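Engineer: Please model the entire structure based on the sequences and the hints provided.
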Amino acid sequence: MLLQVIASGVLMGFVYALVAIGLTLIWGVMDIINFAHGEFLMISMYTVFWMYTLLKFDPFVSLPVAALLIFVISYLTYKIIIKRVIDAPGLTALLATFGLSLFIRNLAQFLWSPDYRFVTTSLVADKKITMGPVIIGLPQMAAAMGSIIMTVLVFYFIQKTKTGRAIQATALDRDTAKLMGIDTEKVYAITFGISGACVGVAGALMATFFPVYPESGALYSLLAFVIVALGGFGNIKGALYGGIIIGLAEALGGFAFGTQFKYAVVFLIYLLVIQVRPKGLFGW
Amino acid sequence: MKKFFSLILVLFLVAGLILAGCGQQKQAQEQPAQQNQDTKQETQTVKIGAILPLSGSAAATGVKLKYAIETAQEIINGEHPEINMELAKSAGLPNLNGAKVEFIFADHQANPEVAKSEAERLIQNEKVVGLIGCYHSSATKPASQVAERFQIPFVAGSSSSAALTERGLKWFTRIAPHDGMETVLFFDYLKFLNEKYSAGIKKVAVVYIDNEYGVHAFEMVKKTIENYKADGFELVADIKYPANVSNVDTEVQKVKAAKPDAIFHASYIGDMTQFVKKYKELNVVPKVVLSYCGGYQDPQFVVNLGKDADYFSGPNATTSALFSKMPDLEKINEIYKAKSGVDIDGPTLEDFASAMVIAEAINKAGTTEPAKVLEALKTQEFAAPYFVSGKIKFGDDGQNIHSASVMTQIQNGIYEAVWPTDYQTKEPIPAFPDWSKR
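Note that the protein sequences, when read in sequence, are chains V and C.
When you number the first sequence by numbering that gives the first Met the number 0, it's gap-free, plus one each residue, and the end is 283.
When you number the second sequence by numbering that gives the first Met the number 0, it's gap-free, plus one each residue, and the end is 437.
Because the hints were derived from the structure by calculation, they are not lab data.
Among the clues, some could well be false.
Unchecked claim - No more than 27 Å apart at the CA atoms, straight line, and that leaves these computed lysine-lysine pairs for DSSO-like:
1) V:Lys161 / V:Lys82
2) V:Lys126 / C:Lys306
3) C:Lys371 / C:Lys88
4) V:Lys127 / C:Lys279
5) C:Lys279 / V:Lys126
6) V:Lys127 / C:Lys306
7) C:Lys258 / V:Lys126
8) C:Lys371 / C:Lys392
Bear in mind that the values here come from a model prediction, so they are computed numbers and not experimental data.
Structural biologist: Below, the structure written as structure tokens:
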């Protein structure tokens, strides 16, 4: 049973990590906490759900559509809302994204009702892998794989491409980057877009095993904040490790102390880490 | 660009107004409650307030409850000789010279504060002579306290928290069985399965959400199981999970390790569905799963899970499978379905009952004078041919002493009545087949 708990924890950890990667990018590059991150996740889940319900598309077919859609939404969010507040005092951007999250959540409830919905069939639905005493659901496995692939892609994009290096430069020092001829405006918009694409992929993968409803992004985004702080702001690898730590802490904590305390364990670890290493475990 | 920004701002404001407007309350004008209606008004219209969650997270349910109360209003005010109920035969309330009944609806948005102020508004401004509602126990609580203060009778339909009838309120009554009664029903049903089908059910696990509803349900199990120890029942696990849960992996592994024969669930639709999916993934096969009033009773449970919803059980005030056995219920459902497009379900029928009972109490009292209506409520028995119990009678604490529930089990996607045997539409199946063999 312990093995099973660990396996479940690690798999959930990958999913948490995927949600957190988008958040850590924005946080690291722009110093903005995007409170609407969970709502972008929810929109992605609804996109997959409606494409499945109305057009009978498998979630894996709708995945690129969801990723692209959230990329565009995020890009526009930057252009329309964030751009205007980025130079204002810190709290302004935070409140702007907070307002946006409330707006999107209520709009979703208004348009699609508060019902819990599920994508009931997909390529991976109801399939599982049995390895001795350990049973692993294929939807979770697929989400974990997707998470790893996405992390690697984003990591290489940031490290190896010209745009990626521009993002890094802007993150380090915006003004100097500007002097070097980097269009920081564009960099910010693209960062927001990539963050959206990450959460778009996460939403599409999660819709295969998690209920879709207007509040479905809220808890995940809260956990993502913890992971980002744990892994180090702006650190993509840190988000991946942070996700796994949180996934394991939740599973093992719930197993050892009772399931009602599983989030208490998660937040306790978070509190301890920021006391000892305020920059996060993998921050610099 | 400035123009564009202003446009977005205006859009935000308009959306905000729409959302806020749904729940806007009319300003209450401070006027003392006029409790004695003059006779002229009595012969015309009797106003009763109905406070429901018409917007907010439970709006989908609230709208159905409204249709049910409108159905009751139609039956009372019109002539429906085909339905065997006192108020159906003639138009209006016969003992009040055929006075018509009008239900005034108010929206509490699942917010206890709003429920309270709406109750005050209905009593003071709308001059209602009775109140019904509010679905959420948390909203019924303050609203019924307002009714107590103004000495106006309150009949709750589907609110199930046992605490409501433990407050010693004089003006409060409740139709639905509370979770304490449901727990007794659960154990009696398990005994029945053991005796009739040799199901061999002994080990019980309780899985419950960490809020008032779940925790109270678990306390009831802990208390009640003491009386059933002689029948061999033992509690092998109690698993409490956070109200907002992102996954239930660990919870289900704990359930699996305890190897229970029966699982009692106090869960809502979202978490309940996640549990079922995880039971399937980890191949948890108990003999029976019983659910308190919550996620299981929501027809969305079958929609979301398809054949995986089969074999789950729970008490329900009614089920469409029963309609053919209960002609009056079938006719009520016809009127309801014409309005709502769906069959009447358990909680909805309980709120329909609350509307019928308060009107009948006024009719039996022959007046809208609150004290006399209360006396009728507390002393008389009300015929309820739409419930399997057939009648409603309130005890001293205001609780309906006749449990209005039947045990149902989902078989081939249909909520079948399986117990008591008099109302059986299908025999219960006291074992879960292996998940791979469905």
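Engineer: If a hint holds in the structure, say so; if it doesn't, say that too.
Structural biologist: Going through the hints against the structure:
1. Only pairs whose Cα atoms come within 27 Å are accepted, and Lys161 (chain V) paired with Lys82 (chain V) is accepted, the gap being roughly 23 Å.
2. Simply put, Lys126 (chain V) and Lys306 (chain C) have alpha-carbon atoms about 16 Å apart, close enough for the 27 Å limit, and the pair holds.
3. Distance hint between Lys371 (chain C) and Lys88 (chain C) is fulfilled; the C-alpha atoms sit about 24 Å from each other, no more than 27 Å.
4. For the suggested pair Lys127 (chain V) and Lys279 (chain C), the alpha carbons sit about 10 Å apart, so the restraint of at most 27 Å is met.
5. Under the criterion of a C-alpha separation no larger than 27 Å, the hint pairing Lys279 (chain C) with Lys126 (chain V) is consistent with the structure, at around 10 Å.
6. A C-alpha spacing of about 18 Å is found between Lys127 (chain V) and Lys306 (chain C), which places the hinted pair at or below 27 Å, so the restraint holds.
7. Of the supplied pair hints, the one linking Lys258 (chain C) and Lys126 (chain V) holds, its CA atoms being roughly 23 Å apart against a limit of 27 Å.
8. With a CA separation close to 16 Å, the supplied pair Lys371 (chain C) and Lys392 (chain C) stays within the 27 Å bound.
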